[in-house]
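Undergrad: Okay, here's what each chain looks like letter by letter:
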Amino acid sequence: MPDFLMPSLGADMDRGTILHWYKQPGDRIERGEIVVLVDTDKAEIEVESFGAGWLDEVLVREGETVPVGAAIARIRSGEAAGEEAAPGTVPPPPPVAPIAPAAPIAKPAKPPPTPARVAPSGAPRIHASPLARRRAADLGVDLATVTGSGPEGAITREDVERAATQPTAAPTAPAPAPPRAAARGDKQASMRSAIAAAMERAHREIPQYYLATRVDLSRALAWLAEQNASRPIAERVLPVALFLKAVAKAALEVPEVNGFWRAGAFVPGEGVHVGVIVSLRQGGILAPALHEVSRKSVTELFAEFRDLVARARAGKLRSSEVSGGTITVTSLGDQGVETVYGVIMPPQVALVGFGRVSEQPFAEHGLLGVKPVVEITLTADHRASDGHRGGRFLSAVARLLQTPESL
Amino acid sequence: MTRDELRAQTLEALGGIAPEADLAGLRGDIALRDQLDLDSMDFLNFLVAVHQRTGVEIPEADYGKLATFDQLVAYLARKTGAA
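Residue numbers (our numbering), protein chains in the order written: chain A, 1 to 407; chain B, 1001 to 1083.
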């Protein structure tokens, strides 16, 4: 039976807390519908369904915290509303969250539970609810030692939890988990921890190389000003939309920078989904993703970006937005930064940085002029690409920005 | 709309963009983006909100003249005849 799993909502998430179930057992769930509100260490995220079905059973109650990949609800129909977990196995990283780490970044004190385990063939069958089985796995309780108090002697979640408190009932219980930093009042600290874990992983595991190029934005900004002149203020577009589109199209030309490094090999991204670093006013960052950027018009892209930033800052992101980035863009130009030397968001393999647009002397065709110039950088994973290809990528971004009308 | 009303509307629009800011201590002669740590997106959203509240069209070419609170209010006053 398919399970709805705790998704990985970013490379720096290893567990999540259920804040609110929007659906109750028996409710119909449509594809794309918001099912549950999850608190990660960084933000509250509305998790959407990736299939249709009926919610059969809630396995994790509001207020409880489980690792990424743990079953949190059971879906009745054959069509999974979440991810389908093979019984008796640890679920694979959810396909909706391709930036999910292959292993938790910050190792939990106990291994991820095996959801909804089925007794192996020949073993005596234990009558227990899926929730009780999962809690037993969580708490290290052997169900064979538990006396059931439910219908027909079924072992309930309460039975398991009671057993877990008995010294003799849980001889193999793991050490208690460290205090969870994500206590509601400690969001800042937990966000810092999550960022730290992802960045430590990046520096520990990724041999990064750095390239930079200066790009004349005269044509791009003139084209944008012309476009904006005829638009009402609410529909005007900022240069960042051109940057995002140019990055996405360049990534199609040099696919080695668009994807993931997993299990010792490069896995190309399916489509170009650009993660954008959004700084929060209270501190910290999020990296929600804009999907299929190469296929969208600059106007569409900016409208989505604007909406995404607003919701990221308001803490109203959806699961499909906080995961799935295949390459990341960061811009620190508003802070006056000339050049950004960024850090890759693992397991991605590249990050593109944009500095501030400033007037600078710029020579072209033997003529020196004062031009609006931006410095664009690439931080790339040397396991997935070489400097030659990285250079091709940056050249493509620069070239594409010279013909903004065709972006 | 009077100049005072324009000031009040502009302040309210600013509060929507930077809710954590102490607007009582806002300096009218220092760039808003520096005082309130506004980025390009914040500033665009702020001007959109000002437009929605006051009805004043603000061409992109004028953005550079609207760095401070006082400059913006004076601009709005000129545009609406409230000066």
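Hints may be right or wrong, so weigh each one.
Unchecked claim - Distance ranges between label pairs, derived from CB positions: (1) R219/A <-> G1064/B: 15 to 23 Å; (2) P1019/B <-> E33/A: 28 to 36 Å; (3) E1057/B <-> H291/A: 30 to 38 Å; (4) H20/A <-> L1026/B: 48 to 56 Å; (5) L211/A <-> P1059/B: 16 to 24 Å; (6) P1019/B <-> W54/A: 14 to 22 Å.
Claimed, not checked - Just some of the chain B residues that point at chain A, by a computed CB distance under 7 Å: (7) D1034; (8) S1040; (9) H1051.
Hints were generated in silico from the structure; no laboratory data involved. Where a beta carbon is used, it is the ideal one built from N, C-alpha and C, also for glycine.
Undergrad: If a hint holds in the structure, say so; if it does not, say that too.
TA: Hint check results:
Between R219/A and G1064/B the beta carbons are some 20 Å apart, a value that agrees with the proposed interval 15 to 23 Å. Checking the proposed 28 to 36 Å range against P1019/B and E33/A shows it holds: the Cβ atoms sit about 30 Å from each other. Here the CB-CB span from E1057/B to H291/A is close to 33 Å, well matched to the stated 30 to 38 Å. For H20/A paired with L1026/B, a C-beta distance near 37 Å fails the hint of 48 to 56 Å.
With their beta carbons about 38 Å apart, L211/A and P1059/B fall outside the hinted range of 16 to 24 Å. Look at P1019/B against W54/A: about 40 Å separates their beta carbons, and that is not inside 14 to 22 Å. For D1034/B, the suggested interface contact is broken, since its CB lies about 10 Å from the closest CB of chain A, more than 7 Å. Evaluation of the S1040/B hint against chain A yields a held restraint, the C-beta minimum of about 5 Å falling below 7 Å.
Given hint, H1051/B at the interface with chain A, holds; its Cβ is 5 Å from that chain's nearest Cβ, closer than 7 Å.
Of the numbered hints listed earlier, those contradicted by the structure are 4, 5, 6 and 7.
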